[in-house]
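Protein chains: 2
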Amino acid sequence: MNMQSHSLERVKSVKDMLDTDSYQAWLQYRPIGAKKEEYKKWLAAIEVKEESKILESAADELKKGIQSMLGVTLDPDTYGEGRIVLGTYEQVDLKQYGISPDTFRDISDEGYLLKSVFEKEERAILLIGKTDRGALYAAFHLLRLLQKEVPIDPIAVVESPRNQFRMINQWDNMDGSIERGYSGQSIFYADNDFKEDFTRVKDYARLLASVGINAISINNVNVWDVETKLISKTFLPKVKAVSSIFSAYGIIPFLSINYASPMELGGLGTADPLSAEVEKWWKDKVAEIYEYIPDFGGFIVKADSEGRPGPFTYNRGHVEGANVLAKALKPFDGKVIWRCFVYNHLQDWRDRSTDRARAAYDHFKPLDGKFLDNVILQIKNGPMDFQVREPVSPLLGAMTQTNQMLEFQIAQEYTGQQIDVCYLIPQWKEVLDFETYTKGEGSKIKSIVDGSLHDYKYSGIAAVSNIGNDANWTGHTLAQANLYGYGRLIWNPELTTEQITKEWIHLTFGHDREVVDTVEYILLHSWKVYEKYTAPLGIGWMVNPNHHYGPNVDGYEYSKWGTYHFADRDGIGVDRTVETGTGYCSQYEEPNAKVYDSLELCPDELLLFFHHVPYTHQLKSGKTVIQHIYDTHFEGVEEVEAFIDKWNGIEGKVDKAIFENVKQRLKMQRDNAMEWRDQVNTYFYRKSGILDQQNRTIHP
Amino acid sequence: MNMQSHSLERVKSVKDMLDTDSYQAWLQYRPIGAKKEEYKKWLAAIEVKEESKILESAADELKKGIQSMLGVTLDPDTYGEGRIVLGTYEQVDLKQYGISPDTFRDISDEGYLLKSVFEKEERAILLIGKTDRGALYAAFHLLRLLQKEVPIDPIAVVESPRNQFRMINQWDNMDGSIERGYSGQSIFYADNDFKEDFTRVKDYARLLASVGINAISINNVNVWDVETKLISKTFLPKVKAVSSIFSAYGIIPFLSINYASPMELGGLGTADPLSAEVEKWWKDKVAEIYEYIPDFGGFIVKADSEGRPGPFTYNRGHVEGANVLAKALKPFDGKVIWRCFVYNHLQDWRDRSTDRARAAYDHFKPLDGKFLDNVILQIKNGPMDFQVREPVSPLLGAMTQTNQMLEFQIAQEYTGQQIDVCYLIPQWKEVLDFETYTKGEGSKIKSIVDGSLHDYKYSGIAAVSNIGNDANWTGHTLAQANLYGYGRLIWNPELTTEQITKEWIHLTFGHDREVVDTVEYILLHSWKVYEKYTAPLGIGWMVNPNHHYGPNVDGYEYSKWGTYHFADRDGIGVDRTVETGTGYCSQYEEPNAKVYDSLELCPDELLLFFHHVPYTHQLKSGKTVIQHIYDTHFEGVEEVEAFIDKWNGIEGKVDKAIFENVKQRLKMQRDNAMEWRDQVNTYFYRKSGILDQQNRTIHP
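Chains A and B, in that order, give the protein sequences. The numbering of the first sequence is full-length UniProt numbering, which starts it at 1 and goes up by one. The numbering of the second sequence is full-length UniProt numbering, which starts it at 1 and goes up by one.
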């Protein structure tokens, strides 16, 4: 079964879809209602202070948005009317508007001032960035305010993004497929080459910039034969072309590389990072790349992971492996983003002492301080792999002398594959707010990845994209909210889930109260609902192998992937305690270590991740484990049915194509939820022999 | 995991492999030892009575074989020496050799006389067929005798094949892949076309004819887009070319067709078999095919099966579906072979009332007598799908007025995929010797499929081929024995397994006693060993989905395929009894129905196919079910290890390439067996909680 076959909207031509709400996503710029005349007083002209690609992008977006929302063509020559002033703080005459240059002292290069000024009968909206990138973000900020129809008189906002790298990882292959893509084929590649039409790439750049994304890697971290050549003359001219599109939106381009490139491209006999010829090869190669792309960001590397080549082949470690690249990139201010998704993927299920959850920490923690300062370790949010529920990776923050980035997965690999709705902002928020106690209280993940806690030189957040060439980008239209929310959340982790959610709904669906409430209800409940009908209590992995959609309780139980639940007739769960288990608990700082290690203190939702317990074990909720499994699985399906009822209630109030898309996917989600419910309940009933207290239907 | 990647020998060029023992298989024609001089007295010349393609093939084979075995070039002009007389009984002057024409009255068109005559100082070996096909079989018979080094003076054999159709089904696709192929790619097709070099096709025809195969379908029963065009002008010239190769060896060509051809090729709006335009289309199409291929055999049809198109789309049944084709073929003496592999492949695992085992009988039995007389129903040996152990299909023989063919699978889809050795002759022998009681005692399957019991007009046996373009044809060299044995067994079902096995070993490996004993030991034990370490007591299906290799106890448990074991903490098995189960047992004649229906009478090896029993149920063997599972799984691995020891003992005594091939596969088999042992034992230990009485290692 190929899940991509569910992408129903792919047939449309680019031209047909450009004007659809689905395609425009949160940049629809729908006509303004009541506030229109007020806004028009302020928005008649535009004054762009200097020429730059990024300011040009900002001005274009303002013209496009304001034309669409207000019917006003911004005119550079109209005076006496309200006007937008767009530029950097060095370009704009701050004194003229009574603004102190100090305003810009404490904000980052990407920060900005957004201010309304009414002086001498003249109205101006100032969009002043510390750099032109800040001005671009100010422009998107203004457009967002207008579309939300909030007052802009007076307004004065100074903002900086909290995180330094706000990155997207495309897992696109050059044959046009996307690893873990659930929205059609790549918008970048087809037939082992770049596509010819970059219309969608530019629109993607607009979408990303509008939520503050500032870096992108444009090919899959698994780098196969053809993709290896992206850093060769064969493809560099086209990489440059795509990069320049992103650069105009302040987005720095990165490439994933094949660690064996010196052999496969360079014809060397080795890729040993300590070989002088390898070091020279990378040095020359990097110089060549920067000739094409002066603002190139650097490399993403998945090495010695799941069978990909890496320094281990030559008895070298991650440090040597990353540093040889870092050395080559250093003169150009380039970075090495080195992924920590390293574990034994040929594990023997009989071996109870090896624990995949331990792997990243065990591999990398001892290496703290040994990487060059332009190496950043990219660490998945959990120790396993983007399950619906995992604890936070104990490696995050555990290295005080090594730059770290957090990795999320917007693509819903294990969370419904954009067939099932699963809004991930609440999950990510929990991760960012998780208290690690690395430096005592106040050591939350968000303070680690923003670089403040350990004073990292480089840090930030990356995430696997969820877009493809489906007309609505994300397969399920509601999955657009995950991309939007990702950008907004990592720009400012203090935003609440509710703020982000409402914002996206207003931009996407307008202001009808019932629509807003309905969409909000579905989104805010969706993660927990998905958790309910899938793998219980943090155990994860009960999915069909390979494609990872749909239930298969034993699907990963006897596999080589280190992914077990150990369910027998008496109980279930992985003992990761110090005394009787794998000792994984000890990788956390106290008191987390103690909490997870303790059967009494461990939170219910992670119980089976840390403990093996009888089915009759009583949870903090008062229920037994087995009754919890039954209850949540019945509830999960009921709640999907409630989603369907609610969604059907707003028919006619939302764009027809979007309505039908979501309606159809909700139906598929119900089928999936029922299958999960019945397989999981039957599996555990057959194993435990314990009846449901409520006597609901469990197929024997 | 793609099992085809295990085909290690595929890299060799055709030229390199032509002379290898692996490639020559049982037609190596190794030099004769002690008997050489005796044979030479008889074999100096050849007298071919008339010209025909088939006699030419026979003569060529005799020349090739005798040259190779005796170093003698058969000469048509040498008199006074021993000579071969090759021809039909109408061509040869029978009186001259004192043979009565009556000899040929009671044998079939494919029968022959093989006789040594020493008169008036002249020696002759007569190879006289009822037709030239019989003469060809006589030639192969003689060559077999010589290679076995048995006395030929005097010799007098009259033989006819017992079965009318002795057929091979290729499941080759035109992209070069083979559905359920475990020996590389197709020898017929590549890149959606026929291959250019038919060297291997001719050698394949020789191999098949040498064991008496007389019909072949050359494309997969699942007919996809490109293959649909095999019956169009696009490909008919090439079909003709391939057919003529087979025809020269007495093998009639068939094609698998797409039931939707009238639409896909003919552009009609329907494929309804009762539509006049559809009927006409098939009539014209068949006439066109026979213009190209006058000896064309007919169509194989997989319709309304596993999603393939068929008459059901038009609310028609199998009768209408098959008869429209039969009508078109009738004027040319063509046949429709209609597969009975029809069941609900979208079953709900929750539905305990539907039973896939019932399907073929339920579908077809009521249709008895309604098919035209050139329709033959092709019925798999068991009611499920070529599992290592199944009961015999109750449909076989249940239709007294409808031609039937039995279908075996030489390709080891569920029996080790030619990685594990699994010699299937003993299994097939059990099937053929199965007493159905359709007409009381003496109603064995072999008497049904040879047409005698119900006086079928057409009948026989077909099997899915196990060959591909691997240098040794079958991936595992020992798997050649299954192809050889299939041909020999269906030629004469009275041959014992031991006879057939010894014959193949002598032809393939020569006469070294230790080699013969070793290979014989491995072959004769292999089926039971495979059964031991895989799915126990007839339950089947505990394999990885899709590719079907390796253990996965729940792999098909919650699937749509109708393939369940229903194991819970107390017991396992499918209740197919009349009183409490699906009633499948009642499809058998008495006393079979009663035997299977009875927990006491049902044979151990099929217990779980017919009954759901507690793990503590005591088998006839005296063991409990759970202890049987543990014991057989431990024993299975030990016996594979014994195979390895035995095989290693004959190193140096067999061809090096063959030795290494088998050695390597046995190693893979051991890994597979261990994985099966441990997963199955752990699964049932976890579920039952019952310890192994012998305290061997079961991973908890």
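Since the hints were derived computationally from the structure, they do not count as laboratory data. Among these hints, one or two may not hold up.
Identical copies carry no separate label here, and so any pair may be met within one copy or between two of them.
[Unchecked claim] With a straight-line cut-off of 20 angstroms between C-alpha atoms, the simulated EDC-like cross-links for lysine to aspartate or glutamate are: (1) Lys560 with Asp671; (2) Lys528 with Asp75; (3) Lys283 with Glu51; (4) Lys560 with Glu675; (5) Lys656 with Glu90; (6) Lys327 with Asp197; (7) Lys560 with Asp678; (8) Lys667 with Asp348; (9) Lys53 with Asp75; (10) Lys330 with Asp351; (11) Lys365 with Asp191; (12) Lys620 with Glu600; (13) Lys229 with Glu264; (14) Lys64 with Asp645; (15) Lys620 with Asp568; (16) Lys280 with Glu47; (17) Lys49 with Glu288; (18) Lys560 with Glu494; (19) Lys457 with Asp333; (20) Lys238 with Asp645.
Please read these numbers as outputs of a predicted model, since none were measured by experiment.
Worksheet item: Within a copy, between copies, both or neither: where do lysine 457 and aspartate 333 come within 20 angstroms Cα-Cα?
Response: within (12 angstroms within a copy, 84 angstroms between copies)
Discussion item. As a check of your reading, is lysine 327 near aspartate 197 (CA-CA no more than 20 angstroms) within one copy, between copies, both or neither?
Written reply: Neither, since 36 angstroms and 55 angstroms both go past 20 angstroms.
Fill in: Status of aspartate 645 relative to lysine 238 across identical chains (alpha carbons, at most 20 angstroms)
For lysine 238 and aspartate 645, the Cα distance exceeds 20 angstroms both inside one copy (48 angstroms) and across copies (59 angstroms).
Fill in: 20 angstroms Cα threshold - placement of aspartate 75 relative to lysine 53
within (19 angstroms within a copy, 90 angstroms between copies)
Practice prompt. State whether the alpha carbon distance between lysine 64 and aspartate 645 is at most 20 angstroms within one copy, between copies, both, or neither.
Written response: Intra 37 angstroms, inter 79 angstroms, cutoff 20 angstroms: neither.
Worksheet item: Is it within, between, both or neither when you check lysine 667 against aspartate 348 at 20 angstroms Cα-Cα?
Response: between (39 angstroms within a copy, 18 angstroms between copies)
Practice prompt. Give the relationship of lysine 560 and aspartate 678 under a CA distance limit of 20 angstroms: within one copy only, between copies only, both, or neither.
Written response: So lysine 560 and aspartate 678 pass the 20 angstroms test across copies only (14 angstroms; inside, 27 angstroms).
Discussion item. Checking an output row: lysine 560 and aspartate 671, CA cutoff 20 angstroms. Within, between, both or neither?
Written reply: between (30 angstroms within a copy, 14 angstroms between copies)
Item to complete: Using 20 angstroms as the alpha carbon limit, work out where lysine 656 and glutamate 90 are close: within a copy, between copies, both or neither.
Response: neither (47 angstroms within a copy, 81 angstroms between copies)
Worksheet item: When no copy is specified for lysine 528 and aspartate 75, does a C-alpha distance of 20 angstroms or less occur within a copy, between copies, both, or neither?
Response: Close neither inside one copy (49 angstroms) nor across copies (87 angstroms); limit 20 angstroms.
Worksheet item: With identical chains treated as interchangeable, where does the CA-CA distance between lysine 229 and glutamate 264 reach 20 angstroms or less: within a copy, between copies, both, or neither?
Response: within (9 angstroms within a copy, 42 angstroms between copies)
Practice prompt. Could you place lysine 620 and glutamate 600 in one of the four classes (within, between, both, neither) given a Cα distance threshold of 20 angstroms?
Written response: within (8 angstroms within a copy, 50 angstroms between copies)
Comparing the model with each numbered hint stated earlier shows that hints 2, 3, 5, 6, 10, 11, 14, 15, 16, 17, 18 and 20 do not hold.
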